[in-house]
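A.B. asks: Sequence:
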Amino acid sequence: RPPFPFLHKLCSEAFGHTNIFTPLQLNLGNLVTRDQKAGFLVRALAFVTFTLRAVGADCVSVLLFVSPVQALAGLEVDRTHEFLDQLVRVHLLDNADAAKTLAAEEVLRKGENHLYTMAIKFRRGLTKVQAAVRLFLSNKASRGQASTTHDQPPVPGTEFLKLFEGFGTFKGVVRSAANGVYVVYYAQDGDEEELDEEEMLDVMRRSRDLEAAANGSVKVAPAPLATTTVTLPKASVAINMVPTNLFEDLERELPSRQQR
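The opening residue of the sequence shown carries number 6 in our numbering; numbering runs sequentially from there.
The set of hints was computed from the structure by calculation and includes no laboratory data.
Just to be clear, a hint being listed does not mean it is correct.
Computed list of lysine-lysine pairs in DSS-like fashion (alpha-carbon distance at most 30 angstroms, straight line) [claimed, not checked]: (1) K126 with K14; (2) K167 with K115; (3) K176 with K133; (4) K167 with K105; (5) K115 with K14; (6) K126 with K115; (7) K42 with K115; (8) K42 with K133; (9) K126 with K105; (10) K105 with K133; (11) K176 with K105; (12) K176 with K115; (13) K126 with K176; (14) K115 with K133; (15) K167 with K133; (16) K14 with K133; (17) K167 with K42; (18) K105 with K115.
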């Protein structure tokens with residue numbers, strides 16, 4: 006889970022000369038709120054996506070694939086690693102000044118607000134489609150079987166416990182539920198998360214296990230947080246280098262790679 010200061014330093018060093026960031030954004034001390042940090046990451050995500058698209062690279066769009074809010078919260082770490090992998094690919098590109106110039110112009114022309122909204126709509130639409138498919142398969146598998154009270158989807162206001170590996174157990178509450186998409190809120194870090202129905206039901210089942218363990222005086226210990234160090238290759242040695250995939254194992258798990 007790369008901390009934001011690391012991501013800010015990396016993006017600023019790699020893309021600061023492209024002028025996709027404002028002078029205020031290049032100063033870490035000016036980025037205090039989650040929205041300000043997310044806006045910075047959106048610009049970097051868009052620049053990487055537009056540059057690789059311009060050179061015809063075969064890769065997933067990190068602008069659509071990576072949620073900056075989830076990255077800031079330390080969630081969906083494999084997607085953050087995919088972004089870092091593509092960032093290095095862009096950094097190592099040879100004779101790509103024209104592509105980078107066009108990408109920077111597109112980022113500035115569309116603006117971070119439009120880019121952020123577009124990506125949000127895409128991810129929410131994808132979540133709804135996945136939820137509909139999973140719900141259909143779930144209903145088909147359980148047809149003819151009586152559902153129990155525990156398997157009923159939660160309603161807004163329902164509280165639960167969720168264990169985040171490396172961070173401990175958080176208390177959450179369902180804020181809204183519509184079309185099989187649940188928006189949940191964690192007061193401990195002030196963050197939100199979107200879950201489809203299958204994921205929400207799984208969270209509720211695990212929550213009951215956590216509550217049972219707590220009532221039985223069994224402590225739920227968070228898993229140790231692994232530390233990963235990512236080193237950005239220097240531009241001076243990038244001329245004759247063959248780009249190296251720094252996250253080959255993680256990339257192999259991505260949907261775009263599994264379809265091959």
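A.B. asks: The structure should be examined with respect to each hint, and the outcome stated for every one.
C.D. replies: Hints versus structure:
Annotation: proposed proximity of K126 to K14 holds, straight-line Cα distance about 28 angstroms (limit 30 angstroms). At roughly 37 angstroms between alpha-carbon atoms, K167 and K115 are farther apart than 30 angstroms, so this suggested pair is violated. A C-alpha spacing of about 25 angstroms is found between K176 and K133, which places the hinted pair at or below 30 angstroms, so the restraint holds. For the suggested pair K167 and K105, the alpha carbons sit about 42 angstroms apart, so the restraint of at most 30 angstroms is broken.
Under the criterion of a C-alpha separation no larger than 30 angstroms, the hint pairing K115 with K14 is consistent with the structure, at around 24 angstroms. Annotation: proposed proximity of K126 to K115 holds, straight-line Cα distance about 16 angstroms (limit 30 angstroms). Between the alpha carbons of K42 and K115 the distance comes to roughly 18 angstroms, so the proposed pair stays at or under 30 angstroms and holds. Straight-line distance between C-alpha atoms of K42 and K133 comes to about 27 angstroms, which keeps the hinted pair within the 30 angstroms bound.
With a C-alpha separation of about 26 angstroms, the suggested pairing of K126 with K105 holds against the 30 angstroms cut-off. This hinted pair does not check out: K105 and K133 have alpha carbons roughly 34 angstroms apart, beyond 30 angstroms. In summary, the hint linking K176 to K105 is not supported, as the alpha carbons are separated by about 44 angstroms, beyond the 30 angstroms threshold. About 38 angstroms separates the Cα atoms of K176 and K115, which puts this hinted pair outside 30 angstroms; it is violated.
Taken as a hint, the K126 and K176 pair is honoured in the structure, with Cα atoms around 27 angstroms apart against an allowance of 30 angstroms. For the hint pairing K115 with K133, the CA-to-CA distance comes to about 26 angstroms; that is within 30 angstroms, so the pair holds. Of the supplied pair hints, the one linking K167 and K133 holds, its CA atoms being roughly 22 angstroms apart against a limit of 30 angstroms. Proposed proximity of K14 and K133 is contradicted: the alpha carbons are some 35 angstroms apart, above 30 angstroms.
With a CA separation close to 25 angstroms, the supplied pair K167 and K42 stays within the 30 angstroms bound. In summary, the hint linking K105 to K115 is supported, as the alpha carbons are separated by about 15 angstroms, within the 30 angstroms threshold.
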